[in-house]
Structure formats: structure tokens, C-alpha cells
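Using the sequences and the hints given, assemble the complete structure.
There are 2 protein chains.
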Amino acid sequence: MSDYTRVALDAMGGDNAPACNVEGALQAVAENEKLKVYLVGKEEEIGKCLEGKDYDKERLIVVNATEIIENAEPPVMAIRKKKDSSIVKAMNMVKEGECDAYVSAGSTGATLVGGQVVVGRIKGVERAPLAPLIPTMDGVALLIDCGANVDARPSMLVQFAKMGTIYMENVVGIKNPKVAILNIGAEEDKGNALVKETFPLLNACPDINFIGSIEARDIPSGYADIIVCDAFVGNVVLKLYEGLGMALIAKIKGGMMSSLRSKIGALLVKPALKKTLKTFDATEYGGAPMLGLNGLVVKTHGSSKPKEIKNTLIQCVAFNEQKISEKIKAAISIDNE
Amino acid sequence: MSDYTRVALDAMGGDNAPACNVEGALQAVAENEKLKVYLVGKEEEIGKCLEGKDYDKERLIVVNATEIIENAEPPVMAIRKKKDSSIVKAMNMVKEGECDAYVSAGSTGATLVGGQVVVGRIKGVERAPLAPLIPTMDGVALLIDCGANVDARPSMLVQFAKMGTIYMENVVGIKNPKVAILNIGAEEDKGNALVKETFPLLNACPDINFIGSIEARDIPSGYADIIVCDAFVGNVVLKLYEGLGMALIAKIKGGMMSSLRSKIGALLVKPALKKTLKTFDATEYGGAPMLGLNGLVVKTHGSSKPKEIKNTLIQCVAFNEQKISEKIKAAISIDNE
Numbered sequence: 002m003s004d005y006t007r008v009a010l011d012a013m014g015g016d017n018a019p020a021c022n023v024e025g026a027l028q029a030v031a032e033n034e035k036l037k038v039y040l041v042g043k044e045e046e047i048g049k050c051l052e053g054k055d056y057d058k059e060r061l062i063v064v065n066a067t068e069i070i071e072n073a074e075p076p077v078m079a080i081r082k083k084k085d086s087s088i089v090k091a092m093n094m095v096k097e098g099e100c101d102a103y104v105s106a107g108s109t110g111a112t113l114v115g116g117q118v119v120v121g122r123i124k125g126v127e128r129a130p131l132a133p134l135i136p137t138m139d140g141v142a143l144l145i146d147c148g149a150n151v152d153a154r155p156s157m158l159v160q161f162a163k164m165g166t167i168y169m170e171n172v173v174g175i176k177n178p179k180v181a182i183l184n185i186g187a188e189e190d191k192g193n194a195l196v197k198e199t200f201p202l203l204n205a206c207p208d209i210n211f212i213g214s215i216e217a218r219d220i221p222s223g224y225a226d227i228i229v230c231d232a233f234v235g236n237v238v239l240k241l242y243e244g245l246g247m248a249l250i251a252k253i254k255g256g257m258m259s260s261l262r263s264k265i266g267a268l269l270v271k272p273a274l275k276k277t278l279k280t281f282d283a284t285e286y287g288g289a290p291m292l293g294l295n296g297l298v299v300k301t302h303g304s305s306k307p308k309e310i311k312n313t314l315i316q317c318v319a320f321n322e323q324k325i326s327e328k329i330k331a332a333i334s335i336d337n338e
Numbered sequence: 002m003s004d005y006t007r008v009a010l011d012a013m014g015g016d017n018a019p020a021c022n023v024e025g026a027l028q029a030v031a032e033n034e035k036l037k038v039y040l041v042g043k044e045e046e047i048g049k050c051l052e053g054k055d056y057d058k059e060r061l062i063v064v065n066a067t068e069i070i071e072n073a074e075p076p077v078m079a080i081r082k083k084k085d086s087s088i089v090k091a092m093n094m095v096k097e098g099e100c101d102a103y104v105s106a107g108s109t110g111a112t113l114v115g116g117q118v119v120v121g122r123i124k125g126v127e128r129a130p131l132a133p134l135i136p137t138m139d140g141v142a143l144l145i146d147c148g149a150n151v152d153a154r155p156s157m158l159v160q161f162a163k164m165g166t167i168y169m170e171n172v173v174g175i176k177n178p179k180v181a182i183l184n185i186g187a188e189e190d191k192g193n194a195l196v197k198e199t200f201p202l203l204n205a206c207p208d209i210n211f212i213g214s215i216e217a218r219d220i221p222s223g224y225a226d227i228i229v230c231d232a233f234v235g236n237v238v239l240k241l242y243e244g245l246g247m248a249l250i251a252k253i254k255g256g257m258m259s260s261l262r263s264k265i266g267a268l269l270v271k272p273a274l275k276k277t278l279k280t281f282d283a284t285e286y287g288g289a290p291m292l293g294l295n296g297l298v299v300k301t302h303g304s305s306k307p308k309e310i311k312n313t314l315i316q317c318v319a320f321n322e323q324k325i326s327e328k329i330k331a332a333i334s335i336d337n338e
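Same order as they appear, the protein sequences are chains A and B. Taking our numbering, the leading residue of the first sequence gets 2, the next gets one more, and so forth. Taking our numbering, the leading residue of the second sequence gets 2, the next gets one more, and so forth.
No lab work stands behind these hints: they were computed from the structure. Errors might be hidden in some of the hints.
It does not matter which identical chain is used: a pair holds within one copy or between any two.
Dumping the calculated SDA-like pairs for lysine to any residue here, alpha-carbon to alpha-carbon at most 25 Å [to be verified]:
| hint | residue 1 | residue 2 |
| --- | --- | --- |
| 1 | 276 | 262 |
| 2 | 191 | 121 |
| 3 | 197 | 75 |
| 4 | 197 | 72 |
| 5 | 179 | 252 |
| 6 | 191 | 78 |
| 7 | 275 | 244 |
| 8 | 264 | 137 |
| 9 | 176 | 3 |
| 10 | 191 | 303 |
| 11 | 264 | 138 |
| 12 | 279 | 303 |
| 13 | 197 | 244 |
| 14 | 279 | 53 |
| 15 | 176 | 17 |
| 16 | 191 | 74 |
| 17 | 197 | 77 |
| 18 | 43 | 72 |
| 19 | 252 | 174 |
| 20 | 240 | 213 |
| 21 | 264 | 75 |
| 22 | 176 | 141 |
| 23 | 276 | 210 |
| 24 | 49 | 3 |
| 25 | 37 | 247 |
| 26 | 254 | 268 |
| 27 | 191 | 76 |
| 28 | 35 | 204 |
| 29 | 191 | 71 |
| 30 | 49 | 254 |
Here it is, written out as C-alpha cells:
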């Protein structure tokens, strides 16, 4: 095993690729000496972004890939056909053990499909969830699953709870994290068929700190550290978080600009407000890991700026050093004995 | 048929009952001459609230009910046992044709159960959805269903779309309202089994203006007028709307109080901000109707103030005069011929 955490970065993914990705990688290797980043993508374009930059050439390496998977492409077909795309090539480096982690700001669909079919699931893991951190009043919560696993089964949700616990304890640093199942009421008899079947299984699970149901109203308050749900509902929560946040902030800005008096006030509150709202900005927390795979796969926002790319790359070091995949393997294999 | 719209108000329901409910009823009958309100609940308590008030005794009538259904009570049992409760008695007045509508700020569960078993569904209606209006950037959208119908079938969602269209056109006054199905992507092949099966049915439905999928991110922008989903997901959206709105406003207030400079600014922006945020406050829009029943059943917030009670009571007049139940009956019976 390498002393470095080796990350294959999809240099071509995201709205601002490759410039933003290259810049994020430069900042990350400068900040963290344990990090080795492979910039996977069109050699020539990446080379231009690196021109005149000073960096450790042992720890920032360009790997040529001639194709690009676009966001609009059907992911299954794209992964199968575009063997020389930045996504498939970077994923293969994880599969072959040349890298410990994969990071992309590109197609979510291709990353989710590639994670399952190229990198592959840990034996015993039924589905690999995508688990972003979402901001709460006093920190963050892990929303697991927001990926492609719609119509999940109860046993999958139990695995999500276990994998989420390992991640929050070891990477985010929350001891004995509180796990709740997303529901439409606090009582045990509330919910749809999936929730009703999953609830007693989570309740009987010895290796998680299950606190029962959480209503969506209580997510932002930080009532739970890990929120378990099927990917359809998780996706709705994640997207509404983004959309409602933007709408409210637009409303507030509009209100502040509505009179001379409030315009003057707005100038005075702006710096304090900006600082506060930053803590409620999902991009501050790096990318969303896909858990339960033979290696780390991380999806960052398509609109990622260098700072988010950098944060995500550095996050990979903790994931790798804490041996999260090994810990998940151990936890799941006990269940299957 | 009476010239009045006759509403049975659960005087005992809600956090501030009966005082708030009585006050709202007084305001409503004063404001709208077509309204007749029956205050159903403990005669003596209601009488105290009415003491010294000047009102039209022909249009504000007290009906004694000695029992109260609490929020925590299992609703099915409560509806069956507490025959002299304000909820059951008020519902029976609608069932017997003595009233056109029922309004309660009390137990949601008891109202949903009572709506189905006491008031009863229109023939052909599979399930009666609860459909609150939620605020958007430039108006409101109908979120249908947020009730008790978890694990819905595609045919139910199609009926929700039709009933929602009739309500938005005739009560809220939006011509040819845009209907979308809540989904996790814009493409037709995205979604869980329910959404995938429902999508083509909505697409083939001639009497609605179906615009396809809506992602949760686009709900606050007002992209659709009617958002169709099963009650589990609808409930998550509704509750997250409330919770996230409160959390963001608390964050903003906290930010504004963080320095002397921002405190001064806060004083200046406060009036403008208050006015703007009011448009994003769900309580401004009255209660949520339960559609598809033999009469109108409306649930308002437990925390309703007199203004929301008043708005909800007046909303019943439009519902009744526009003959919404008859229109739903006609629309559904065509399907069943």
C-alpha cells in the first residue's frame, strides 16, 4: 500500500472543467503532503491549465483520456462505450488498485453506474448509497441515500445506517452518531410499507445508535446525525434544500432592496449575513461519498469551484487513512456469517 | 340548498382553542355575509368567548359537543368512540347535509379518518387527498397529496391531478393550471416504480395540463401550479418547507445580531423583510382541503391564529359556490363510465 492517498480526479467533469479542477488539485497537493492526485482527461487542455504553475510533479500527474461523458448521456451506455473517457479511466485506476479514490464533478448518473459496475460493491453490500452531508443549525447531517437506489428494500436501509455510522464516526468525527429514519410522524406505526418494515430492523440493530423516526421538519435543526431514507425521498430532500434556500435568499434580497431605508440597512447587515449563510451552504462540506464500494467514489457539485474540489480531495485522505472500506467490509461480513 | 355557505367549525381544535377559533369565526361572519358558521364544541367555553361580542346570531350558532379528540389519540378509535366530540359532531353535520363544509385546526389524523369514514368519498374516488397550498416565488402551488394515503397507486395520482386542477381553476383562480409529477430528474425514464407507471397515464390524460416531471429544486420557483405525489413524499416536502424556512430565518436573525453594525442594519431592514417573508408564510393561505369527499373538509394549522381561521372559513364560500364537489363528481364519473 502506498504512503500517499492516491486520487484519480475526473479533470473534465463539471461546469468549470478543466480549469477549476486543475486549480483545486494544485491547491490540494500544496496543502496536504499525503495527497497524490492523478488529473485524468485531455492531456493538452490540462497541460495548458498547468502552464507556468509550480507544483510537486511527483504528486500531481496527468493521465491522458480522450473522451468525455456528457451529463445528458444515458449513463449505462456511456460507461459501456466510452472506455477512454475521463470517468471510466479514472474509475479503472481505482478498480486496478492504482488509486484509492475517485472524484468527479461530472455526470452523477455515470458516476453512480460506474461506481457499481467498474469499481464494484464490497461483497455483501446490496446497494451502494450516495450520502451527501447537508447543513443543519449547528453542523451537518448525513442524508443516506440520495443516489440511484429508488424502491429500496428494508435490508438495504439497515446497511445504509451501518455504513453511514462508520463514515460519520471516522471521517466527520462524530462519536456514536444518532441515526433516524425519515418518516411522516414520530410514532412507530406511522409511515409507508418500507418505513414500517425497516423501523424494527433498525431498532434491533446493535451497532448503530438508532433514535427512531425523524420528520422532515426536524432535519434542519440537527435532531439526527444520519438520516436514512430511500433514494427517491433523499433526492427530494436534497433538491428542496437547495431550491428553498435559494428562493428564500432571493426573497430576502428582494425585500432588502424594496426601499431606501432597507437598502441602507442591507449594506450594514451584508457582511454578517454572508458569513452566517455560508454555514448553510452545502458546497462548504466537500463532495458526497458513495459508500460500500471497493474504493472511494466521491461526487461533487457540477458547479464546484476550486475550493470545493480541494476540500473533496483532502476529504479522501481521511477516508483512506481511516480505512473506511475495510471497516464497512468487516461490518457487513459479520452480518453475512 | 341554502343561500348561505354553512360551515361546521371544530371550535375545540388547535393550540389556541376555543378563543382563537371563536374570534376567527366572528371576523369571518362580519366580513362575509354569505357565510353561516356553526361553532361546534363545549357550549359553556364557547359562550364565554362570545360574551359581550356583537354578531349576527342568525349566522353564528353554537352547537354543543361534550367531548374532545386529542392530537395524540389513535384517530380510528377516537372517531369510532367519541360520538359527542366536536370533530365527529361537526363531520356528521356535513354528512347529514346540515352543513356544506367542515373546518378544524385539531387532530389531522382524526380529520383524515373522519373525512373518509364519516363524510365519505364521492363514488369513484379511490382516495381523498389532503392538498395544502405552499408558497412559491410568485404565488402558490398545490401539493397533492400530503394526507394519509402512503403507498399510493398510479390511478390515484391521476385522480389527484384531476381534482387538483378543478380546485386550482375554480377556487384559487388559476386558469389551465400546470400539473407536474414530483420526480428525481426531468427525463421520462427517471423515478421510482410509482412515478414511472403514473407518468404515461398523466401524459395521456386529456382534461389536465400536464407538463411532465418536476424536481424538488424547482418547486419554490413556481414551475408548476399543481405538484402530484404520494402522501409520504408530499408530507416530507411540506414539513421540510416549514422546517427549513424556520431554520434559515433563525440563521439570518442570528447573523444580523452578531455585530453592532449589523444590528443597526437589522433595524433598518426589518419592516421590508417582514413584509417579504409574509408572502412565504403558509399560514397566509388558509387551510388545506381534503378533496373528493361528499362535502368540503378543511384542515388548518394547529397553531392557527384568528386570521387563518377567518381566511379558511371564507375559502369555504368559494369552494361551495363553485360547486367543487359536483365538478369532481362529474369528472370522476366520466372516467368510470
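As a check of your reading, is residue 179 near residue 252 (CA-CA no more than 25 Å) within one copy, between copies, both or neither? Close across copies (23 Å), not inside one copy (34 Å); limit 25 Å.
Checking an output row: residue 279 and residue 53, CA cutoff 25 Å. Within, between, both or neither? neither (32 Å within a copy, 53 Å between copies)
I want to check one pair: residue 191 and residue 76. Are their C-alpha atoms no more than 25 Å apart within a copy, between two copies, both, or neither? between (36 Å within a copy, 12 Å between copies)
Since the copies are identical, ignore which copy is meant and state whether residue 191 and residue 121 lie within 25 Å (CA to CA) inside a copy, between copies, both or neither. between (35 Å within a copy, 23 Å between copies)
Should residue 197 paired with residue 244 be assigned to within, between, both, or neither, using CA atoms and 25 Å as the limit? Result: close only across copies, 24 Å inter versus 29 Å intra.
Please work out whether the CA atoms of residue 49 and residue 3 approach to 25 Å or closer within one copy, between two copies, in both situations, or in neither? Neither. Shortest intra-copy (29 Å) and inter-copy (80 Å) distances fail the 25 Å Cα cut-off.
Up to 25 Å between alpha-carbons, please classify residue 240 paired with residue 213: within, between, both or neither. Intra 24 Å, inter 17 Å, cutoff 25 Å: intra and inter.
Give the relationship of residue 254 and residue 268 under a CA distance limit of 25 Å: within one copy only, between copies only, both, or neither. both (11 Å within a copy, 16 Å between copies)
I want to check one pair: residue 197 and residue 75. Are their C-alpha atoms no more than 25 Å apart within a copy, between two copies, both, or neither? Between copies, since 17 Å is at most 25 Å while 34 Å is not.
Within, between, both or neither, where residue 197 and residue 77 count as close if Cα-Cα is 25 Å or less: between (33 Å within a copy, 18 Å between copies)
Is it within a copy, between copies, both, or neither that the alpha carbon of residue 176 lies no farther than 25 Å from that of residue 3? Close neither inside one copy (28 Å) nor across copies (65 Å); limit 25 Å.
How would you label the pair residue 43, residue 72 (within, between, both, or neither) given a Cα cut-off of 25 Å? within (17 Å within a copy, 62 Å between copies)
In this structure, the hints that do not hold are numbers 9, 14, 15, 21, 23, 24, 25, 28 and 30, in rising order.
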